Amino acid sequence: MISFNSQLFVYALHTLFRFFTKNLFVVIVYTLLVGLLSSLFFIQTSVKYQVDKIAAQYPDIVVQNQKAQRYTTIDDTNLNKIYEIYGVNDVVARVYGEYEYKQADLSFKIVGVDIFETQKEPYLESVLKSSELRGGEMFLSKELAELFAKNYYRDEFNFLQPSLKVKKMGIAQSFKSDAIDKKYLAVMSKEDAKEIFGYKANEFTDIAVYLSNQNELMNVITQLQQLYPNAKMVTKEDEQTNIEMLFDYDSGIFITLFIISIFTFFMIVYDKTNSVSSSEKREIGILKALGWRVEDILRVKIYEASIISIFSYIFGVVLALGYLYFFDGYYLRDIFLNIAGVEQIDSLELRVDLQPLAIVFFLSVPVYIAATIIPSWKIATQDADEVMR
Amino acid sequence: MSLTPEVLSIYIVDILFLFFASIAFYLSLKITLGYDRNKNTQQQYELEKKSYLAATIIKFIFFIKIPMFVFFVFTLDKISNILVGAMCAAGVVNATEYGVPLLILKMLNLYLFAFWITLNSEDMKYEEQKYFRAKFLLFIVAFVLLLIEIITEIVMFSSIDINSIVDCCGAIFSVTDTTYISELLSKDTLLVTLFYGSFILLALSFLLKQRALYGVLNLLFVIVSILSLISFFGTYIYELPTHHCPFCMLQKDYNYIGYFLYIFLFYGTYYGVSLAFLEYERKEVKRRFNLSLLFNFIYLVLVSYFPISYYFKNGVWL
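First to last, the sequence lines map onto chains A and B. For the first sequence, position 202 matches number 202 in the numbering used here, and the numbering has no gaps at all. For the second sequence, position 214 matches number 1214 in the numbering used here, and the numbering has no gaps at all.
These are computed hints drawn from the structure, not numbers from a lab. Don't take every hint at face value.
If you want a taste of the chain A side facing chain B, the calculated C-beta under 10 Å gives, among others [said to hold, decoys possible]:
1. I255
2. T264
3. I268
4. A289
5. G291
6. E295
7. S347
8. L348
9. V352
10. V360
Model, not experiment: these values are computed from the prediction. In this text, a Cβ means the ideal position worked out from N, Cα and C, and glycines have one as well.
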């Protein structure tokens, strides 16, 4: 097929340096474009990796009760029957929800815990290990405690129940939350949480089922469906697929934006390579007079385009890696945190996948080389005598 | 409809291909209709100039197409994560009716474009340019196939329904079913004999320097290789007698060995098949013979390694 010609390659390299300033502009714009897109992708894969890690701790099956296809509370009458299903390791009736805090115009998350249960989420485990949670008291995340203190709720907070009664809760301790989906968090006993939400004694938000054998998943679901015919079973895999699709969707938006900019760039490059300076023209005329064939000149031109695009691609990727490594993706990462429903990530765990690199490659390098094909051909097929005259 | 970033980037490159291939197609049409090397007019001169543009575009498409093909297979693997039931690319390929034809078409086009490039470089070697019209005629055919490929690709990706359940490769390549593919795959001893037999024939025709025979045997060799890979050698790569899948070996769990296997097979058979169609110089013929046999041999050694090492480790065949 086509053999690589190293002498022509070296010649192309020299030509690039001779027209340094002209090429510099293209390289800078190209590098920045690639750098921006690849840092977006790297941040995205890193955030996704961290969210995936959290998702791996989700319960294997969540039983959510429905009324008129809306989520509603579930009762715990069948809890022991769930325990008896083969393959089930643990069952937890959970109480959690959001409380709207009108003064600060935000809602925070309330998590009800039972100190005698094993805690499935690591942050809860560490919080409850450090000190004892008493009834009528709650632990707050640092952010929420600060917010309360600003509104002079230093020792206790008044919750308004649905029945419009007021429930006082003491503030016991604040902890540093590493739950990435919620910055503002209050941990209290299940009984207190139920009272605040207005649940009855046997009502729970949902039931989490943990399996000891993953292969039993479909079996367990069928049996759960018989116990709760109206309920919806959400598996861990469903949640993970949702996360995957969410991230795919938002990177789709970024690609769309990138396409617009890369085609603008296409026009710039086309225009730039199309307008050939007289000295460049003369050079090609001389080469032709020396006996260079059209293919040789074309090849040099394609080599030039390949060198520029591959160099800028690599440089852009390196730039993006540096930005993530030294600046922790500051500023740009906020975009993704909001989209993914993630409120806080202290530092990005840098993940470099082959896949975003491949995507950026296919979106930039072929487009750039394509933009130079027609102008290069125009230059290469000029007549020697016409150019020299 | 699944518009993942990978699919989106495939679409973009497809649009780029379509745009430039159309230009090359238009030029090829003009050249095949109007070119006459005995005439000495301005128009002929212009046509010859235009042939360079067409040739550059076609080369460009081919060189992007090779990594794109790998990326395409990679994308299928990626989509299998969001399709219920699919565990590798096989499920995605079979999720719609367009998957299998598209894959075959893609491979055919790769061979066709590679052949075009060979034709072009042969053509440029001689002053009389004897393949000048032939190569542009060939491109017209290739363009139509490329067009079909791009349309099928877009239709395939847009008709994948993420909510429907598809088969995983275990079900598609099952040998216990009664489909024609399982019928074929269950005859693994026959296929393995055919595989080694066709390689011996290849080597014989190599020694006899029978160009035409060698080329035709290469065609046979590709088909037998892929079938025997699915039915026999694959099971040793996975070390699992029931796992027949040509895609899972592309995954990380098997050290991406599939990519190497397919690339060697492609190069070996491509050089072989191209021998049957063109007249080369003596030196070029020798080079192509050698390269073809070398790559085919590497492929043979690679696939044979798995069952043999399995036998040495475990003392039994699967």
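Exercise. Okay, which hints does this one fail, numbers in order?
Worked result: Of the numbered hints, 2, 3, 4, 5, 7, 8, 9 do not hold.
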